[in-house]
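Student: Sequence:
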Amino acid sequence: MVEIAAYAVGVLPGDQVPAPLRRVARFEPRRRARLAATPIAAQLAKDDVFRERVAESAREDQTELAAALESGTVPAAADPVTVAALAYLMRPPGWTERVETARRDLERSALAADEAETIRKVAELQEQIAAARATRSEEIEKLRAELRASRAENAELRKKLHESRTRAKREHARAEELDRQAGEDRAAATAAAAAAETELRRLRARLSQAESAAENARRAAREGRNLDDTRLRVLLDALTDAARGLREEIGLPTGITRPADNVVAVAPQRPGHRTLPGRALADSDPALLDQLLTLPQVHLIIDGYNVTKTGYGDLPLSDQRSRLVSGVGVLHAQTKAEVTVVFDGAELDAPVAVQAPRGVRVLFSAPGQTADDLIGQLVRAEPSGRAVVVISSDQEVCDAARRADARPAPASLLLRRLNRT
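Every letter in the sequence shown is one number past the one before it in the working numbering, and letter 52, counting from 1, is 52.
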């Protein structure tokens with residue numbers, strides 16, 4: 001019935017096909033019957049118009065059988081399934097009896113087929129039993145002969161097994177003795193090797209310590225000489241410049257006698273000695289920084305962020321650094337003073353790129369170190385007697401600078417000096 005309806009769906013006009021079946025109307029009839037069997041059966045059961053259209057299509061394909069159904073005389077050779085399907089679709093008088101008769105015929109056919117299959121299987125099993133009985137005697141005799149041969153072979157194998165076990169016991173005892181001796185030899189060799197390895201590690205450790213001590217001694221001596229030489233050169237330059245400035249300031253004659261000094265003549269009267277440059281100035285005096293920058297070989301150390309946040313703290317940190325470094329670059333060009341700018345780098349994830357002008361040193365404190373600590377290291381690294389000026393408004397930095405014989409100056413003085421450049 002579903003196959004008849006599936007075929008009819010493909011030939012009916014599109015507007016006569018129920019909406020749920022239109023999607024499968026384009027499929028091939030067998031595929032349509034396989035994939036849409038349930039929707040087709042449901043439509044036949046509830047849609048009488050669709051069923052009648054399918055019946056009309058089936059009547060055209062099965063003209064003789066349809067006419068026989070309508071007349072009530074169905075040929076005995078007709079397929080009961082086809083008869084039942086046409087009866088369900090066409091609904092002629094007595095169609096329910098036709099469907100029920102077809103169902104009973106199908107059940108009888110199925111039972112007859114099952115009975116015939118059962119009879120065939122029973123006959124096949126009886127033949128197999130007869131063949132098995134015929135060959136059983138031969139198999140039993142053959143198995144008895146094999147059993148006698150196996151017993152004889154088993155007895156021989158037991159004898160050989162006993163002899164093999166006896167030899168194996170002797171070999172096992174001998175192997176245990178050899179293994180015991182080898183174990184003692186290995187233990188002795190392991191102990192000797194461990195002792196030798198321990199002594200070797202001890203000697204290597206002593207050699208490494210000696211080499212490290214020698215290298216540390218050489219490095220310390222080399223670094224000490226380099227540091228002492230550097231401090232001595234800086235101090236000597238400072239003393240030389242100071243002596244030259246003092247000689248010029250008070251008019252001392254040079255220690256070198258020139259040929260013209262031996263010519264007798266009337267010399268003019270010398271003016272009185274000038275006072276030494278410099279005077280006691282307050283930290284807020286604008287002239288303080290100018291006077292400090294005139295000192296021979298002066299080293300100007302600047303607390304970077306303390307100055308930038310005082311003067312232009314509204315700028316980003318990168319702009320603050322660039323502005324300060326550029327300004328002190330001009331200051332160095334004017335005064336030739338050594339300038340070091342120190343920024344706090346304790347919280348930086350990576351080094352910051354800063355373009356420093358010629359003569360200006362830019363340093364960042366290491367992770368875990370503050371800029372104040374780095375400024376203290378720079379001050380203590382200078383030789384005693386060199387002029388060092390620390391620019392910071394941080395009271396702790398200023399106090400530490402004074403204790404290290406450096407001259408502190410507030411950030412405002414440097415900012416005013418940079419604004420004049």
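No lab work stands behind these hints, which were simulated from the structure alone. Possibly wrong hints are sitting among the right ones.
Heads up, simulated EDC-like pairs for lysine to aspartate or glutamate below, C-alpha to C-alpha not over 20 Å straight-line [unchecked claim]: (1) Lys169 - Glu153; (2) Lys309 - Asp394; (3) Lys159 - Glu171; (4) Lys309 - Asp344; (5) Lys309 - Asp405; (6) Lys336 - Asp373; (7) Lys309 - Glu396; (8) Lys160 - Glu176; (9) Lys309 - Asp373; (10) Lys142 - Glu153; (11) Lys309 - Asp319; (12) Lys169 - Asp179.
Values in this document were obtained by computation on a predicted structure and should not be read as measured data.
Student: For the pair we were handed, Lys309 and Asp405, check the Cα-Cα distance against 20 Å.
Tutor: Judged against 20 Å, a Cα distance of about 26 Å means the pair is violated.
Student: Is the Cα-Cα distance between Lys309 and Asp394 20 Å or less?
Tutor: Measuring from Cα to Cα gives roughly 12 Å; hence the hint holds.
Student: Under the criterion that the straight-line Cα-Cα distance not exceed 20 Å, is the pair Lys309, Asp373 satisfied?
Tutor: holds (19 Å)
Student: Lys336 and Asp373: Cα distance at most 20 Å?
Tutor: violated (26 Å)
Student: Tell me if the straight-line CA distance from Lys142 to Glu153 falls inside 20 Å.
Tutor: Cα-Cα ~17 Å, so holds.
Student: Compare the distance between the alpha carbons of Lys169 and Glu153 with 20 Å, and conclude whether the hinted pair is satisfied.
Tutor: violated (24 Å)
Student: Tell me if the straight-line CA distance from Lys160 to Glu176 falls inside 20 Å.
Tutor: Violated, because 24 Å separates the two Cα atoms, which is more than 20 Å.
Student: Check whether the Cα positions of Lys309 and Asp319 lie no farther apart than 20 Å.
Tutor: Since the Cα atoms of Lys309 and Asp319 sit roughly 11 Å apart, the hinted pair holds (cutoff 20 Å).
Student: Run the distance test for Lys309 versus Glu396: straight-line Cα separation, threshold 20 Å.
Tutor: holds (17 Å)
Student: CA of Lys169 to CA of Asp179, is that 20 Å or under?
Tutor: holds (15 Å)
Student: Are Lys309 and Asp344 close enough, with their CA atoms no more than 20 Å apart?
Tutor: It holds: about 13 Å lies between the C-alpha atoms, which stays within 20 Å.
Student: Taken at face value, is the distance from the CA of Glu171 to the CA of Lys159 at most 20 Å?
Tutor: holds (19 Å)
Hint check: violations occur at hints 1, 5, 6 and 8; the rest are consistent with the structure.
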